[in-house]
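My request is simple: use the sequences and hints to build the entire structure.
For the protein sequence lines, the chains are F and G, in the order given.
Residue numbers for the first sequence follow the working numbering, beginning at 1 and rising by one.
Residue numbers for the second sequence follow the working numbering, beginning at 1 and rising by one.
What the hints contain is simulated information worked out from the structure, not anything from laboratory work.
We put the beta carbon where it would ideally sit given N, CA and C, even for glycine.
There could be a bad hint or two in this list.
Which chain G residues face chain F? A few, computed with CB under 7 Å, are given here [unchecked claim]:
1) 143
2) 148
3) 150
4) 151
5) 175
List of simulated lysine-lysine pairs, PhoX-like, C-alpha gap at most 25 Å [stated by the list, open to error]:
6) G:44 <-> F:69
7) G:91 <-> F:69
8) G:87 <-> G:164
Residues of chain G placed beyond 10 Å of chain F at every Cβ, according to the derived structure [said to hold, decoys possible]:
9) 27
10) 114
11) 183
12) 217
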Amino acid sequence: MAMKTKKRGKNRLERNDRLIRLALLVVAFSAVSVLLVITIFIVQQGTPIMFKYGLKSFLAGGNWYPSEKVFGLWPMIVGSLFVTAGALVIGIPFGLACAIVLTEFSSKNVRRVIKPVVELLAGIPSVVYGFMGVIILVPFIRQTFGGPGLSILAASIVLGIMILPTIISISVDSLQAVPPSYREGSIALGATRWQTVKMVLFPAARSGIIASIILGMGRAIGETMATIMIAGNAAEIPRSLLAPVRTLTSNIALEMSYATGEHREALFATGVILFVIIMVLNTVANATSSRRRRQP
Amino acid sequence: MTRLRFARILLAIGVAFFPACRGDRSQTDLTLAGSTSIQPFADKWAEVFMEKHPGLGVNVQGGGSSTGIQACKSGACQIGMSSRELKGDEKDLFEIVVARDGLAVIVHPSNPVRGVKLAEVKQIFSGDLKRWNYLGGPDRPITVVTREEGSGTRGAFQELVMGKTRIFRGAITEDSNGTVREIVAQDPYAVGFISLGLVNEQVRSLDLDGAAANEENILNGRYKLVRPFLFVSMGEPAGLAKEFVDFVLSAEGQALIKKEGLLPIK
Numbered sequence: 001m002a003m004k005t006k007k008r009g010k011n012r013l014e015r016n017d018r019l020i021r022l023a024l025l026v027v028a029f030s031a032v033s034v035l036l037v038i039t040i041f042i043v044q045q046g047t048p049i050m051f052k053y054g055l056k057s058f059l060a061g062g063n064w065y066p067s068e069k070v071f072g073l074w075p076m077i078v079g080s081l082f083v084t085a086g087a088l089v090i091g092i093p094f095g096l097a098c099a100i101v102l103t104e105f106s107s108k109n110v111r112r113v114i115k116p117v118v119e120l121l122a123g124i125p126s127v128v129y130g131f132m133g134v135i136i137l138v139p140f141i142r143q144t145f146g147g148p149g150l151s152i153l154a155a156s157i158v159l160g161i162m163i164l165p166t167i168i169s170i171s172v173d174s175l176q177a178v179p180p181s182y183r184e185g186s187i188a189l190g191a192t193r194w195q196t197v198k199m200v201l202f203p204a205a206r207s208g209i210i211a212s213i214i215l216g217m218g219r220a221i222g223e224t225m226a227t228i229m230i231a232g233n234a235a236e237i238p239r240s241l242l243a244p245v246r247t248l249t250s251n252i253a254l255e256m257s258y259a260t261g262e263h264r265e266a267l268f269a270t271g272v273i274l275f276v277i278i279m280v281l282n283t284v285a286n287a288t289s290s291r292r293r294r295q296p
Numbered sequence: 001m002t003r004l005r006f007a008r009i010l011l012a013i014g015v016a017f018f019p020a021c022r023g024d025r026s027q028t029d030l031t032l033a034g035s036t037s038i039q040p041f042a043d044k045w046a047e048v049f050m051e052k053h054p055g056l057g058v059n060v061q062g063g064g065s066s067t068g069i070q071a072c073k074s075g076a077c078q079i080g081m082s083s084r085e086l087k088g089d090e091k092d093l094f095e096i097v098v099a100r101d102g103l104a105v106i107v108h109p110s111n112p113v114r115g116v117k118l119a120e121v122k123q124i125f126s127g128d129l130k131r132w133n134y135l136g137g138p139d140r141p142i143t144v145v146t147r148e149e150g151s152g153t154r155g156a157f158q159e160l161v162m163g164k165t166r167i168f169r170g171a172i173t174e175d176s177n178g179t180v181r182e183i184v185a186q187d188p189y190a191v192g193f194i195s196l197g198l199v200n201e202q203v204r205s206l207d208l209d210g211a212a213a214n215e216e217n218i219l220n221g222r223y224k225l226v227r228p229f230l231f232v233s234m235g236e237p238a239g240l241a242k243e244f245v246d247f248v249l250s251a252e253g254q255a256l257i258k259k260e261g262l263l264p265i266k
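Spelled out as structure tokens, the structure:
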């Protein structure tokens, strides 16, 4: 009698187990299918117009006048690349310097305070960064260097700050993952701490650091709100760091609200191009981080 | 086990409430959609209209002039709102001018330039006139601020000032009247255009061809940058739509928007 109940209980547990596994599978696939649906939707909405007006004029055309059916995305592609490159020029030195100080040249207590603070930076909404940029940075640039202030420089600085948490936290993790024996060995051989960092830790953590930079780059290229607010959104290839610039993401968000017909399709096409660029970046990021895992 | 049951209950509740989420909370008898420039004024009209006709629901949606016109054609709304003239195949819709709005060319209050010719405004926005000293201002480059493609305000400016000439690519582009005003208010060398009703003490409007941007000059025709605010419908409005349009055009309806900074039709 007692054995029978026990057995039935076990069957029931197994059945529940199967049910839960099935439910989890459905949930997992729903996440994948959402991605699939988004991809199909964007491509389906965006590609016809690219081929209608010719891929070359779409990608290499310098004029963006949707109301006259002139769709050239080249200024926005260049704009996205300039702003992202600018963000990296600012984000990489500061980010890596901060990561090295946190792992090698600071006490545990300092690290315990600074690292959460840095990670908190990632939680600040981008509209707040944009607002700070407009209120403080843009007037400063206008008064100091001239030009309208809304510029590549302003956008690069703000995005550079925005990608710091990504670069710092992943770099810190990969520097800490270097086996202590490397560090000890280097010091035992008479190297200074800086030499140890430069010649032992950095090469050992290299792929993790590269992955952190690529993820930061992905964040910079995808940022929309802050760039709309501070980059000036002029659809022209910029001639200087102080010139306004429009990125691919800004182009979509700026004009989406009123766009109809082919204009709307052209904005989806902008999305397709952005999608391709981000896919390439993610693939590269995955490739470098998987190489890191293979290392001892 | 209890957790699983809890999940089932949660799921059941979710399924049960899902259709309810989509139901309208209040009834809608008349829908207007279109220009975001007209939307705040249409909201005002709708509010007063509903006070006078308790039990009726008037729903005002934005989306932009083109969207509103399309929605009207497809029957998604009874009245479309457009802040630009109809063009091409839109012309077969029935249109009623419900108000007029001036466009102001604005600069920073500290700018010594008081007035310009309309032709000079065109040159500024086409990128041919690049420095303030040609206009009697300081020897500084002009920061040109425009609206994004598709906006009704930009459409009206294009039509009234630019004609076939393009607004040059290097112009800073913002997506609302408010941000254009904000940027011009911050930058002493900037110039932009916004709805006359939205000019405040942060910026100053330029005289065009010797006429100050004010109601008097618009009514006597000396200030040229005026655009109509249109209601459009499939055929002449009937029933509730007609009642609403009649209210909008009545002395009371026109007085409402005059208070809000727009110009009445007469």
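Comparing the hints with the structure gives:
1. 143: 4 Å, holds
2. 148: Cβ of residue 148 of chain G sits 5 Å from chain F, so the hint holds.
3. 150: 3 Å, holds
4. 151: Nearest chain F Cβ about 6 Å off; hint holds.
5. 175: With Cβ-Cβ at 5 Å, under 7 Å, it holds.
6. G:44 <-> F:69: Violated. Residue 44 of chain G to residue 69 of chain F sits at ~36 Å, over the 25 Å cutoff.
7. G:91 <-> F:69: Holds, at roughly 20 Å.
8. G:87 <-> G:164: With Cα atoms ~15 Å apart, residue 87 of chain G and residue 164 of chain G stay inside 25 Å; holds.
9. 27: 27 Å, holds
10. 114: Holds: least Cβ distance 22 Å, greater than 10 Å.
11. 183: 7 Å, violated
12. 217: 29 Å, holds
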